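Student: Based on the provided sequences and hints, a complete structural model is requested.
Protein chains: 2
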Amino acid sequence: MKMFLEDGYAKTSIRNIADAIEYSPGTIYLYYKDKDELLYEVQRDAYGKLLEEFRTKAKHKDPVKRLMQIGKTYVAFGLANPELYDLMFIIRAPMNVDEELHKDNGGDSFDYLLTCLKECIDKDLLRVKDVDLCALQTWSVAHGLVSLNLRCRLKMMAEEKEMPKILNSAIEDYVKLLIK
Amino acid sequence: MKMFLEDGYAKTSIRNIADAIEYSPGTIYLYYKDKDELLYEVQRDAYGKLLEEFRTKAKHKDPVKRLMQIGKTYVAFGLANPELYDLMFIIRAPMNVDEELHKDNGGDSFDYLLTCLKECIDKDLLRVKDVDLCALQTWSVAHGLVSLNLRCRLKMMAEEKEMPKILNSAIEDYVKLLIK
DNA sequence: TCATTTTCTGAACACCATTCAGTATGTTTG
DNA sequence: CAAACATACTGAATGGTGTTCAGAAAATGA
Numbered sequence: 001m002k003m004f005l006e007d008g009y010a011k012t013s014i015r016n017i018a019d020a021i022e023y024s025p026g027t028i029y030l031y032y033k034d035k036d037e038l039l040y041e042v043q044r045d046a047y048g049k050l051l052e053e054f055r056t057k058a059k060h061k062d063p064v065k066r067l068m069q070i071g072k073t074y075v076a077f078g079l080a081n082p083e084l085y086d087l088m089f090i091i092r093a094p095m096n097v098d099e100e101l102h103k104d105n106g107g108d109s110f111d112y113l114l115t116c117l118k119e120c121i122d123k124d125l126l127r128v129k130d131v132d133l134c135a136l137q138t139w140s141v142a143h144g145l146v147s148l149n150l151r152c153r154l155k156m157m158a159e160e161k162e163m164p165k166i167l168n169s170a171i172e173d174y175v176k177l178l179i180k
Numbered sequence: 001m002k003m004f005l006e007d008g009y010a011k012t013s014i015r016n017i018a019d020a021i022e023y024s025p026g027t028i029y030l031y032y033k034d035k036d037e038l039l040y041e042v043q044r045d046a047y048g049k050l051l052e053e054f055r056t057k058a059k060h061k062d063p064v065k066r067l068m069q070i071g072k073t074y075v076a077f078g079l080a081n082p083e084l085y086d087l088m089f090i091i092r093a094p095m096n097v098d099e100e101l102h103k104d105n106g107g108d109s110f111d112y113l114l115t116c117l118k119e120c121i122d123k124d125l126l127r128v129k130d131v132d133l134c135a136l137q138t139w140s141v142a143h144g145l146v147s148l149n150l151r152c153r154l155k156m157m158a159e160e161k162e163m164p165k166i167l168n169s170a171i172e173d174y175v176k177l178l179i180k
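These protein sequence lines are chains Y and V, in that order.
Heads up: the first sequence runs through residues 1 to 180, numbered per my numbering.
Heads up: the second sequence runs through residues 1 to 180, numbered per my numbering.
Mixed in with the good hints there might be a few duds.
Since copy identity is lost for identical chains, a pair holds within one copy or between any two.
Calculated lysine-lysine pairs in the DSS-like style (CA-CA distance at most 25 Å, straight line) [what the hints assert, rightly or not]: (1) Lys176 / Lys123; (2) Lys155 / Lys118; (3) Lys2 / Lys35; (4) Lys176 / Lys129.
Treat the hints as calculated values from the structure; they're not laboratory data.
Predicted model only: the values in this text are computed from it and were never measured.
Tutor: Rendered as structure tokens:
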């Protein structure tokens, strides 16, 4: 995980890992089917990390304010852990193998959002009706912001150092847009 | 471009390309600095393609309805051309070299959205004030939807074949959210 | 101590992007 | 026409990649 986060998934080779742990490359294949399976292990941790972040930084009683916290926490998480975010949501590799992995892991974070939104909508605090659609939409805004920035597609907007502020404003405005 | 779109950027090797055009691998390096530079050429085309799509499919007189068309066109474009979309907005490679390339190309499509939003806001038709922030937000929703789907992160939501409808609803609802 | 199981090795395979000395072709000049 | 030059191309070599597998080493049990 340390190497994946420092150098990125692609640049971390099985040989580099083998060197670092002082084993031969072949040994790794006795424990993991292939390089992707190493990724799953890291992803499992990463999804847990995000959920933990939600649980500690997005626990306001008011579901609308909590929704705002969730959005901001997500964006901040992506900005603070770019390589980790990459592994979790941008990299191509996995998702083909164990569908359960994501229902159990990434799913928990999504459920956190879902539960919050459900409470908001039940209390008639938002301008939307469909919980699932709204959750998808909200996740998409947050993911869009983080991933476009991570892939340097927002260079035309402002300088690098300005981006956190801008992304924060963007997600803030979006949540405000949801509120009745 | 044909090979990039059929097999993806990563799986298309310089050797494969050399074979296909019946030249030696070395020859390619006489015309392109490296593999990434081949990508830029394709990206240039791709950005043009998206802009062309906007121009033909999002030209309603009413700026709000045009905004809706832009959103739906973008999502449809991403769903219809997954590999192309990947090259344009998800792949890691470029953005480091020629910043102008993107101001001139990807920028044109972004300007199309920007202009439309400006008209909407000038006519006081939307619930937002800041054009740039709203453009970023709108692009993020659309990109989020497309890229999460492309990377199979939405498997828990519905079956593959259901996704186009859902993504369409999501972007539709978002634009409706913007309207006063 | 010896047999058995478990763990590990590292060379080999088939790829990859990239480089570069050398060759072939085309063009221009004396 | 021939020699000089310019352009175009080659393909082997370099140093990387993920992955496999026969065989060696270490640990365990009798």
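Student: Classify it for me, Lys2 with Lys35: is the Cα-Cα distance of at most 25 Å met within a copy, between copies, both or neither?
Tutor: within (15 Å within a copy, 29 Å between copies)
Student: Cα distance capped at 25 Å. Does Lys155 pair with Lys118 within a copy, between copies, both, or neither?
Tutor: Intra 36 Å, inter 20 Å, cutoff 25 Å: inter-copy only.
Student: If the cut is 25 Å between Cα atoms, do Lys176 and Lys123 qualify within a copy, between copies, both or neither?
Tutor: both (16 Å within a copy, 21 Å between copies)
Student: At 25 Å max between alpha carbons, let me know whether Lys176 reaches Lys129 within a copy, between copies, both or neither.
Tutor: Answer is both: 16 Å inside a copy and 13 Å across each meet the 25 Å cutoff.
In this structure, every one of the numbered hints holds.
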